[in-house]
Amino acid sequence: MIDIGILGLDTSHPGKFTEIFASDERTAVTAVWDGGDVRDTEHCEQFCREYDVTNYERPATMCGEVDAAVVTTVNWNTHRELAAPFLRNGTPVLIDKPIAGCVADVDAIVEAARAGGAPLFGGSAVPFHPQFDVLETLPERRTVYCVGYNDPFYYGCHLVDSVRRIVDSNWLEIEPNDAPGTSVDVTFADGSYASLQFDGPDVDGTFAFLTTDEHHTHSITIESDADELDRMYRSYLDAFVDCIETGRDDRDQLVDAATLLLGVQAALTTDDVVSPESDALADSVVDSTAFVSQYSPY
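Here the sequence shown is numbered in the working numbering, starting from 71 and rising by one per residue.
These aren't lab readings, by the way, just hints derived from the structure by calculation. Among these hints, one or two may not hold up.
Okay, the calculated beta carbon distance ranges per label pair [unchecked claim]:
| hint | residue 1 | residue 2 | range |
| --- | --- | --- | --- |
| 1 | S366 | D341 | 25 to 35 Å |
| 2 | N247 | G187 | 16 to 26 Å |
| 3 | E181 | E315 | 22 to 32 Å |
All figures in this text were calculated on a predicted structure; none of them were measured in a lab. No residue lacks a Cβ here, since even glycine has one placed at the ideal position from N, Cα and C.
Hey, can you work out the whole structure from these sequences and the hints?
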């Protein structure tokens with residue numbers, strides 16, 4: 071049995087993830103820590119009673135007591151300090167989206183994973199929806215158009231991570247475009263191209279993707295109803311368990327997607343072209359203070 075520790079109860083994900091892990095005979099959530107940024111102590115106590123898990127007062131005391139850790143704090147600027155000790159200890163870690171709010175934190179997380187030889191997993195669950203599986207057999211070079219909703223960072227991560235899975239190539243350049251709304255164009259090392267619009271309508275909570283190449287056109291629509299979320303989360307967590315069991319590491323793709331997300335913020339802020347070598351990317355810091363203060367669990 072793989073014992074899993076949850077770090078952060080801010081969102082709806084810990085409860086849902088715990089239930090999915092419990093339904094898999096290979097896994098169980100046995101430990102939890104919460105910092106109290108969003109939920110109160112009573113919620114943590116209720117969570118422990120409902121799912122029969124042990125509450126840890128400090129993350130450090132959980133390190134070494136579990137076989138894997140899942141970081142689910144809504145404050146992305148805590149992800150580095152929470153994940154790094156587990157990774158250095160050789161413990162596989164899933165970091166829920168977004169990975170981090172600056173390149174320095176991304177680099178530090180990766181270095182901790184390298185030092186401990188630990189699998190690093192996470193980001194958005196959207197690209198793990200089974201609908202994306204059909205795209206893996208398509209030619210490498212393609213064009214992608216996609217539309218999401220809400221803000222371009224916390225929710226924009228769903229688009230960015232999905233595009234990075236579809237293309238499966240490192241990004242080279244991000245350019246704000248003149249389309250209505252908040253949108254950018256991205257070019258990739260294999261010649262692929264993507265156009266991302268982040269502020270589509272949020273009434274139905276839908277992410278839409280259109281991919282095309284010389285021979286095929288495919289469209290994918292991911293809705294936010296309970297059944298679709300369940301399919302997506304199960305596939306996402308199953309991939310994480312595979313990393314735990316086999317040692318498979320998706321670090322390179324995860325890191326490229328994380329820096330692409332930060333590059334998007336830099337391009338939108340500066341209204342200029344951003345590359346992986348740009349000072350604007352290195353200097354970009356996405357502050358979480360306002361987001362966390364206004365965040366309400368759903």
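Structure-based check of each hint:
1. S366 to D341: 25 to 35 Å: holds, 31 Å
2. N247 to G187: 16 to 26 Å: Check failed, 41 Å falls outside 16 to 26 Å.
3. E181 to E315: 22 to 32 Å: holds, 24 Å
Violated hint for the displayed structure: number 2, the only one.
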